[in-house]
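The chain contents come next:
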Amino acid sequence: MSFILNEEEQMLRDSAKAFLAQSAPVSALRKLRDESDPVGFSKQLWASMAEMGWTGILVEEDHGGVDMGYAAAGLLLQEMGRTLTASPFLATSVLAASALKLAGTDAQKAAWLPKIAAGETVIAFAVDERARHNPDHVETRATKDGNGFRLNGKKRFVSCGMGADAVIVAARTEDDRINLFLVDTGAKGVERTPRRTVDSHVPADFAFDDVKLDGDALLAGAEDSETAYRHVLDAGRACLAAESLGVAEEAFDRTIDYIKEREQFGQPIGSFQGLQHRAAHLYSEMELARTLVLKALRVLDETPSQAPLWCAAAKAKATAVSRLAGSEGIQMYGGVGMTDEYDIGLYYKRAQAAGEFLGDDSWAAGQVAKLAGY
Amino acid sequence: MSLEEFRAETRAWLEANCPKSMRSPIKSEADICWGGRNWEFKSEDQRLWLERMAEKGWTVPTWPKEYGGAGLSKEEAFVLKEEMRRINARSPLDSFGIWMLGPALLKFGTHEQKLEHLPPIARGEIRWCQGYSEPGAGSDLASLRTKGVLAGDHYVVNGQKVWTSYADKSDWIFALVRTEPEAPKHEGISFLLIDMDQPGVTTKPIKLISGKSPFCETFFDDARALVKNRLGKAGEGWTIAKYLLSHERASIVSEAGFGGLNPVTAAQTAGEVDEKGRIADPILRGKVAELTIDGLAFEATMRRVKEEADHGEGVGARASALKYLGTEINKRRHELNMSALGSDGLLWEGDREEDGEVARNWLRARANSIEGGTSEIQLNIVAKRVLELPGG
Ligand SMILES: Cc1cc2nc3c(=O)[nH]c(=O)nc-3n(C[C@H](O)[C@H](O)[C@H](O)COP(=O)(O)OP(=O)(O)OC[C@H]3O[C@@H](n4cnc5c(N)ncnc54)[C@H](O)[C@@H]3O)c2cc1C
Chain D
0 MSFILNEEEQ
10 MLRDSAKAFL
20 AQSAPVSALR
30 KLRDESDPVG
40 FSKQLWASMA
50 EMGWTGILVE
60 EDHGGVDMGY
70 AAAGLLLQEM
80 GRTLTASPFL
90 ATSVLAASAL
100 KLAGTDAQKA
110 AWLPKIAAGE
120 TVIAFAVDER
130 ARHNPDHVET
140 RATKDGNGFR
150 LNGKKRFVSC
160 GMGADAVIVA
170 ARTEDDRINL
180 FLVDTGAKGV
190 ERTPRRTVDS
200 HVPADFAFDD
210 VKLDGDALLA
220 GAEDSETAYR
230 HVLDAGRACL
240 AAESLGVAEE
250 AFDRTIDYIK
260 EREQFGQPIG
270 SFQGLQHRAA
280 HLYSEMELAR
290 TLVLKALRVL
300 DETPSQAPLW
310 CAAAKAKATA
320 VSRLAGSEGI
330 QMYGGVGMTD
340 EYDIGLYYKR
350 AQAAGEFLGD
360 DSWAAGQVAK
370 LAGY
Chain P
0 MSLEEFRAET
10 RAWLEANCPK
20 SMRSPIKSEA
30 DICWGGRNWE
40 FKSEDQRLWL
50 ERMAEKGWTV
60 PTWPKEYGGA
70 GLSKEEAFVL
80 KEEMRRINAR
90 SPLDSFGIWM
100 LGPALLKFGT
110 HEQKLEHLPP
120 IARGEIRWCQ
130 GYSEPGAGSD
140 LASLRTKGVL
150 AGDHYVVNGQ
160 KVWTSYADKS
170 DWIFALVRTE
180 PEAPKHEGIS
190 FLLIDMDQPG
200 VTTKPIKLIS
210 GKSPFCETFF
220 DDARALVKNR
230 LGKAGEGWTI
240 AKYLLSHERA
250 SIVSEAGFGG
260 LNPVTAAQTA
270 GEVDEKGRIA
280 DPILRGKVAE
290 LTIDGLAFEA
300 TMRRVKEEAD
310 HGEGVGARAS
320 ALKYLGTEIN
330 KRRHELNMSA
340 LGSDGLLWEG
350 DREEDGEVAR
360 NWLRARANSI
370 EGGTSEIQLN
380 IVAKRVLELP
390 GG
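Taken in order, these protein sequences are the chains called D and P.
Quick note on numbering that gives the first Met the number 0: the first sequence kicks off at 0 and runs consecutively.
Quick note on numbering that gives the first Met the number 0: the second sequence kicks off at 0 and runs consecutively.
By construction, these hints were calculated from the structure, which means they are not laboratory data.
Glycine included, every Cβ here is placed at the ideal spot set by N, Cα and C.
Be a bit skeptical, because a hint or two may be false.
Unchecked claim - Derived coverage of chain P by chain D (criterion: at least 3 residues anywhere in the stretch with Cβ under 8 Å from a Cβ of chain D; other residues may be distant):
1. 264 to 278
2. 285 to 295
3. 365 to 379
What the hints assert, rightly or not - Here are a few chain D residues that sit away from chain P, every Cβ distance over 10 Å (derived from the structure):
4. Asp33
5. Lys108
6. Ala110
7. Ala117
8. Glu128
9. Asp135
10. Asp213
11. Gly214
12. Glu284
13. Glu286
14. Thr302
Modelling step: build the complete structure from the supplied sequences, incorporating the hints.
So this is what it looks like as structure tokens:
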């Protein structure tokens, strides 16, 4: 396992940086927000991501993807974190693609993975039913109905849910196990409500009222769908941690630039030890987060059996560090940090939202304790 | 020889030569072999183990053979370390000579100086201590006042050092001494190697809050240091001192490794677990989980930074961030050990040899973020040299 990026990964990162600076700077998020965009992301940007090959980053070449693995997916998300890019990348290209790869039948893979790779579809992934993340708390039910199922239940704050063509839903079957179902968002009995969140995203609340599903809505390829479900969540955590890290890095860089420039008492405020120590502490903490994020992504690619521990650790650390980078950023910017005009506040808000999704630092630390057996 | 062959040979040799009693983790400072003229081996096995390893050059595996090492490559040394760890082999010898002076001698010493001083370090015959700090010069080390006046082939040294770890048990001291009083503060310091076995050098122990006293004040009263035992040029001591400090920081950090008692074991020992074996106090459990995460992150970060350094990215001032993180995390670990043990952790004296050790280690760990440069000084370095914040 190497902590050094290979040439391919470096190229990917560099091209992502250049592309996002051009096509999805922070001003793009502001525009989506100020225009109250109904889905909260740009379909045109999604199409451009497909052209770059990003949408199929985890999809095998047979199905039209580039199959570069989680480390590569994480690098992209890290750069998207830096520019606060809103897109269905995590939901569709990471969560949905992973779910299909792990739990889909050959026919399901052949039907959906090429569409994901081509950027022709947006698929959301619906887990939570309560305010705090809890993958065990699944009350949504899929009951047998002839060859198919009837789906009943509710999901909340589903990322990219408003712009999704389909949604993968975690639901309990009659044996009480959790299974994954692919549901058309236009199907009868599916109702969705937009939730506008503090980070200017637009997740959806879903209600499923006796939705009739075909038999092949069940992702039934893997022997154990519940195991796949857990693995998808781990992968999502590591990738989301990468995004949080990007949020932290950019907030931090901007803050350092600012305190080098801003003068008070006749000198740059960055010369004051009170700020220097806080900045150096934050830098040190970010070093830890950087390591854990890369480690978790590499573990997913190379030794997936160790993923639960490392993904939880990465999620915990990246969540805490990105919140710290945001809040310290605002503090060091002083008054202007509180204004909407300056971007630092947007970073703080995204840090909180990304941190909450798929389990925050307390939740993830609890996982670590459980996995370590204490 | 390929790395695999080297591994096989190493494994066989260790199997044949490492005494059984040297194959258990070091439990406390009492298990460490420091060597030196007055060293008393704790056991015959300890003596044998040192002798055999020193003979192979494996007390300092990467040093050149002519200076007492084995001339191993970094990869080979790593294999040796792994193979030793595999059988829990104890380090045969630890000393400031190995960790700090050795690397500085290798970089700045003349061939004669290396030949004279390195092999005795490798064999554990001469024990060194570090004479940097003075009562008036701690964090502001360069303001030190101990002076050395040139008199023919030697310097006459007068002044006082403080905090000299193990000075009372050491044979030689590497000291920073002001030899050019007219020069600017950082340019008037020389790096002298001084034999402590002479009338002008005396030491006095300082008792710590941990009850132990390996620390001393060291007094120089017309002591003599031969000019040939000056490392580098006159007035060049600060450069050497800084290089050596980077090694000191690295070794403090690796010592802060997370072996030994951990809070989970502590809670189990104290019976503070629920029926599922989980730490009973949920808040303590949360704190321990956070520590676990930081511990994992820290160890992996050490490996990452090493790997990056091998790729030529350089460690430089980032070592200060590691020193800061490692020592702060280690302090937290000891605090949580104490919390998890409850009143059991408070035991100071008892019937068994190890009684009081947990509390002593906890107190000793407080110094991690002071010795080798305080946490505040590390943060200053990160701010100025890594983040390039303006001076002030
Ligand atoms: C257990 C132990 C072992 C040691 N072993 C050795 C040894 O073997 N040889 C040796 O030479 N020395 C040794 N030392 C000394 C050690 O290097 C010094 O204690 C250390 O450098 C701090 O100096 P000081 O104690 O004089 O504290 P001071 O420099 O007086 O610092 C006091 C406080 O002020 C803070 N401070 C000082 N300057 C600044 C600044 N510029 N910005 C912000 N905060 C600042 C410090 O961080 C600290 O919190 C040892 C110390 C200990 C505790």
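Checked against the structure, which of the hints given earlier come out wrong? 12 and 13
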